[in-house]
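The lines below spell out each chain.
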Amino acid sequence: MAVRVQAGDFDISAELAALRAGRADIGAIVTFTGLVRDTAKGAPIEHMTLEHYPGMTEKALSAIEAEANARWDLQVSLIIHRYGALKPADQIVLVVTASPHRGDAFAAAEFLMDYLKSRAPFWKKEGRGNQGHWVDARDADESALARWTKD
Amino acid sequence: MAVRVQAGDFDISAELAALRAGRADIGAIVTFTGLVRDTAKGAPIEHMTLEHYPGMTEKALSAIEAEANARWDLQVSLIIHRYGALKPADQIVLVVTASPHRGDAFAAAEFLMDYLKSRAPFWKKEGRGNQGHWVDARDADESALARWTKD
Amino acid sequence: MKLDLLYFAWVRERIGEPGEQVETNATTVAELIEDLRSRAPRYEAAFSDPKAIRVALDQELSTPDALLTGVREVAFFPPMTGG
Amino acid sequence: MKLDLLYFAWVRERIGEPGEQVETNATTVAELIEDLRSRAPRYEAAFSDPKAIRVALDQELSTPDALLTGVREVAFFPPMTGG
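Chains as they are written, first to last, in our numbering: chain A, 1 to 151; chain B, 1 to 151; chain C, 1 to 83; chain D, 1 to 83.
Simulated from the structure, these hints should not be mistaken for lab results.
Bear in mind that the values here come from a model prediction, so they are computed numbers and not experimental data.
By construction, the Cβ of each residue, glycine as well, lies at the ideal position given by its N, Cα and C atoms.
Do not rely on the hints blindly, as some may be mistaken.
[As the list claims (entries may be wrong)] Below are the EDC-like pairs computed for lysine to aspartate or glutamate, each with C-alpha atoms no more than 16 Å apart in a straight line:
(1) B:K59 to D:E13
(2) A:K125 to C:E13
(3) C:K51 to C:E31
(4) A:K59 to C:D58
(5) A:K87 to A:E46
[Unchecked claim] Part of the chain B face toward chain D, derived, beta carbon under 10 Å:
(6) K41
(7) I45
(8) E51
(9) L86
(10) P121
Looking at chain A on its own, in the form it has when it is part of the complex:
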């Protein structure tokens, strides 16, 4: 289990190699990468800034990761989330889950992303030229979260 909040970029192959080093018991690895898109609601986007809440961010990501590890049979999990100034096609977030079973790896990765979207203290401002606006939270992201609620 690991969580990193960083301004710099990440390399997926390097992260996977580090997670897999010295072990041959993993059967399935799922990765999710979130990227900055060059349009939002039809309007062109030239830049994005990710603000976060240092201190709380790491706690929130660790809590989400611990919950995923409690729910599914994971051998490895990793969350990397960037902050600061980004541009279209830049990588924003990486989630990795590894398990003996593909179902657990898929479910845990999707769970982590759904929680990250609306429960980790990040805020996106995107824009063009010297214009920028804060991205609204999407109702769809709240709905995505609701399906993980235990009955």
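Got chain A sorted already, so can you dock chains B, C and D onto it with the hints?
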């Protein structure tokens, strides 16, 4: 859309870089990597051989990929499946899906893997020393497939 | 009671600073918001729609009815948009 | 009718070769399997449990009741274990 059946290994970062080259409209990329595990049902595994049906394999993978693209809003999809002699910790299969929306990328990747498991003409023989046995199909893989059946 | 307040995203922009220390008699988050709104128009601008505001108490997500007893750091921000 | 037969995995191992050309009067997959079983013990060993056998006609998955009309290549193999 692309399908590759090959004996050699693959590098996820290199594949993602190729898929993303020259575009900034992708929001979400999901990858699934399947690996050779060093145990099977509690017994140690030292080698695995993947046999396939040249000609049919490519057709079957392309058909599965086309179905995923028809069902979900994908910008990119890739299936790489290896054959031949492998050993524990080796990569067997890579599935990549990219979409503006994370839900589509996740669902399509899981669909592709479920179909690959029981509908692509590959057969695994695993063993230890000079012993080897053909891996049985798992009922769980058939069940996993069933949930994608359209009503 | 003395509290360290932190503001993020457009809450920060509307209030005009990333944080400050305040003295308040509020006992709940909702009372703290009312206290701040009464202080200056920039707080009124930041907190005019309470449903658009999220709060964390000592770095844990919380709710408007939460008590401030023992709390040191209160952060206000819009709904989160990570990932 | 002349057919190109292909065998994979343990079907191949039990029959002892990866494929062969056969002449048969079978009109369905099931009849072809019966024809082969009658030819030699190694076919009988490969096809003794019909439920364990999958078939592809000209590289498309098919079923035992499928007609062989116009078919050139028939492949027999166990349930697939890819991924």
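Checked hints:
1. Our distance criterion of 16 Å between C-alpha atoms is broken by B:K59 and D:E13, whose separation comes to about 25 Å.
2. Among the hinted pairs, A:K125 with C:E13 is consistent with the structure: their alpha-carbon atoms are about 12 Å apart, no more than 16 Å.
3. Between C:K51 and C:E31 the alpha-carbon distance is near 15 Å, which keeps this suggested pair within the 16 Å criterion.
4. A threshold of 16 Å between alpha carbons decides the hint, and for A:K59 with C:D58 the separation of about 11 Å falls inside it, so the pair holds.
5. Among the hinted pairs, A:K87 with A:E46 is consistent with the structure: their alpha-carbon atoms are about 6 Å apart, no more than 16 Å.
6. Annotation: interface hint on B:K41 violated; nearest CB of chain D at approximately 14 Å, more than 10 Å.
7. With a least beta-carbon distance of about 14 Å to chain D, the hint placing B:I45 at the interface is violated under the 10 Å criterion.
8. At its closest, the beta carbon of B:E51 sits 6 Å from a beta carbon of chain D; the interface hint therefore holds under the 10 Å criterion.
9. Using the Cβ-Cβ criterion of 10 Å, the hint placing B:L86 at the interface with chain D is not satisfied: the shortest such distance is roughly 13 Å.
10. Evaluation of the B:P121 hint against chain D yields a held restraint, the C-beta minimum of about 6 Å falling below 10 Å.
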